[in-house]
Amino acid sequence: MTGKGGVGKTTVAYALGLTAAAAGKRTIVCEIARQERGSELFGIEPIGFNEVRVGDGLWAISIDPDRMVREYLEVLLPVRAMASLLYRSNLFAYLAAATPGLQEVVSIGKAYELTLDVRRAPGDGRVYDLVIVDSPATGHGVGFLEAPGTFRRIARGGPLADQASRIERMITDPERCGVGIVATPEEMAVNESADLADGLAEAGVALDELYVNELFPDRFSAAEIDEIRAARERVESPALDAAIAEAERAAAQRIELERLRGILPGVPAHELPFLFTSGFGEAELRDLAEELAR
Amino acid sequence: MSAHLETILAGRSICICVGSGGVGKTTTSAAIAVAMAQRGLKVAVLTIDPARRLADSLGLAELGNVPSPVELEEIEGEGELWAMMLDPKATFDEVIQRYSPDEESRQRILGNRIYQQISGALAGSQEYMAMEKLYELDEDEDFDLLILDTPPSRNALDFLDAPRRVTQFVEGRAMRLFVRPTGFGARIAGRGFSVVSSVLRRVTGGDLIADLSEFFSAMAVLLGGFRERAERVEALLRDERTTFLVVTGPAGEPVKEAGYLRGKLAEGDLPLGAVIVNRVHAAADAGDQRLLLADVIGDPDLRDRILAAYEGRRLLAARDRENVATLRSGSPGVPVFEVPELSEEIHDLPGLAEFARLLMPA
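Chains A and B, in that order, give the protein sequences.
When we follow my numbering, the leftmost residue of the first sequence carries the number 1, and every step to the right adds one.
When we follow my numbering, the leftmost residue of the second sequence carries the number 1, and every step to the right adds one.
For reference, chain A alone in the conformation it holds in the complex:
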């Protein structure tokens, strides 16, 4: 899942997770961020670098690249003592900081590991049917997916480069990996989605779905809006003002929604409603999940 900042990428990722889990898929949502939001959404203890169960058939993990390094080395190096040595010397951390793409390779590397049929990471070896990655906001979004290729080109050889190649093959295999773009139906978010779609095409990554989030209800017909405006001429009423403001917003959103569809005609667009709520929690996620299941 990717998209411009502030469009609800994380909530849509979890809602999709709930939908997939309800359909019988063992699903995990990976947040790649310094601060995860899942614990707040589900009202649970902070989600760390462990696979945490957040619902029936749904797990979550927060991927922090710094903490990833040790496990990564252990998976990569056959002799544990060697991994431990490399980790303790901090040399690999320096290397990760210095080498373009390596940090991202390590983050995506974890998501990749979660997709394996035989898990290599320490833990109970749970196998997932679907891994949903909540990637960093656009601008870094495509760069993030391109990182394994960038790194492979720099490193040329060695086990790390081989691993980067495997990840790159997965990302560019439309059978195994697809991107969902989350956007709000607003001009700038739509423009950014179009840029993102171009970036994905260039990177050879399949764009599977669009999620158009926070759509205001389209409650009134054109004739009704005229009637409301006429009534507003006669009386002062915040209710009529609210109806007019909402109708204007909804109409502007429909224009942007259609524009997005026009720019990306072959990509299915899921519509998600704006939720009139003061807080966002599991109940709201379930509402969105229900919409997605339709």
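Since the hints were made in silico from the structure, they are not lab data.
Do not rely on the hints blindly, as some may be mistaken.
As the list claims (entries may be wrong) - Label-pair distances were calculated between CB atoms; the ranges are:
| no. | chain 1 | residue 1 | chain 2 | residue 2 | range |
| --- | --- | --- | --- | --- | --- |
| 1 | B | PRO340 | A | PRO159 | 26 to 36 Å |
| 2 | A | THR172 | B | GLY224 | 50 to 60 Å |
| 3 | A | GLY262 | B | ARG232 | 45 to 55 Å |
| 4 | B | ARG290 | A | ASP129 | 48 to 58 Å |
| 5 | B | ARG201 | A | GLN35 | 32 to 42 Å |
| 6 | B | ARG232 | A | GLN35 | 23 to 33 Å |
| 7 | A | ASN50 | B | ARG201 | 30 to 40 Å |
| 8 | A | PRO159 | B | ASP142 | 47 to 57 Å |
| 9 | B | GLY224 | A | GLY266 | 48 to 58 Å |
| 10 | B | GLU76 | A | ALA23 | 43 to 53 Å |
| 11 | B | LEU270 | A | GLN35 | 19 to 29 Å |
In this text, all values refer to a predicted model and were calculated from it rather than measured experimentally.
Just so you know, even glycine gets a beta-carbon here, dropped at the ideal spot from N, CA and C.
Please build the complex by placing chain B on the supplied structure of chain A, with the hints as guidance.
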């Protein structure tokens, strides 16, 4: 509101807007630039956002790596408005050019395979380049006010640390280890370094280490210039000519982010001028409207739908009121400005001028 944004900006020559994604940070930066240009200043607005949002806001198709003038005819302005979008790669090349003692060192770096990939990828490099550009414009050009639009908030923090981080990185242990993995570096790492080093080579392949080593030795000649410049950039951020504005939206998540940013600014001893809350739903609480509607709307079903819209609006207004109150109580001594939700998106200069009137009434 206790103060006017104009008084906060008076006498400042640098204004840095920080905030999470999707809160209207770019629009706010551009609108402040428009407002100050209308008041007779020569203003430049810089964005490092790769998605060209400022270009959208200013109705420009393309922005280069130097500020270009924006025609103010449409909105009447006494001053000048300039805008630019930062090209991190080009700025990085310029920086290399500036600090290279000779052509040979310059070519050695620009031609390095690691360098060619690094400008967008090195953590904080994009942010560092924005600082570079800001400093350069402050030094070399005669703008009265420079307004910087930063990337979303978690990055904005990288951005604050960027000058120090890039210098530390370039002169740090990592570099020394890679430059002289058998001499000085080995002494730092202590005994067993050669074992560690050979394990690392085993993981990465020898080429990568060789290339990194080459890159860092090429960069070494630039180090003095980098460090000195980074110190001056850092001083500029804390200068009394500089002010930070935290931009946020009224929903729970951005408000929380704004609080986090405010704390980080305080921690870094960076001057917070004001908090700006965009898209606030105005209070619409006028009690039950059912009777009133019955007089003017005949269809009961339509009346119900109008009431539903009203209910939604009231809920959002209550949410926003509560969140703005939280922001205010969390920022004692810092003015909080609200901009109401607008029915249309802003994509041109008259729109920015309208936004500016709401934020900074004449």
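Right, here's what the structure says about each hint:
1. PRO340(B) <-> PRO159(A): 26 to 36 Å: 57 Å, violated
2. THR172(A) <-> GLY224(B): 50 to 60 Å: Hint violated: Cβ distance 43 Å, outside 50 to 60 Å.
3. GLY262(A) <-> ARG232(B): 45 to 55 Å: 49 Å, holds
4. ARG290(B) <-> ASP129(A): 48 to 58 Å: The hint (48 to 58 Å, Cβ to Cβ) holds, given that ARG290(B) and ASP129(A) are roughly 50 Å apart.
5. ARG201(B) <-> GLN35(A): 32 to 42 Å: 35 Å, holds
6. ARG232(B) <-> GLN35(A): 23 to 33 Å: 32 Å, holds
7. ASN50(A) <-> ARG201(B): 30 to 40 Å: 32 Å, holds
8. PRO159(A) <-> ASP142(B): 47 to 57 Å: 55 Å, holds
9. GLY224(B) <-> GLY266(A): 48 to 58 Å: Once the Cβ atoms are compared, 54 Å apart, the range 48 to 58 Å for GLY266(A) and GLY224(B) holds.
10. GLU76(B) <-> ALA23(A): 43 to 53 Å: 58 Å, violated
11. LEU270(B) <-> GLN35(A): 19 to 29 Å: 20 Å, holds
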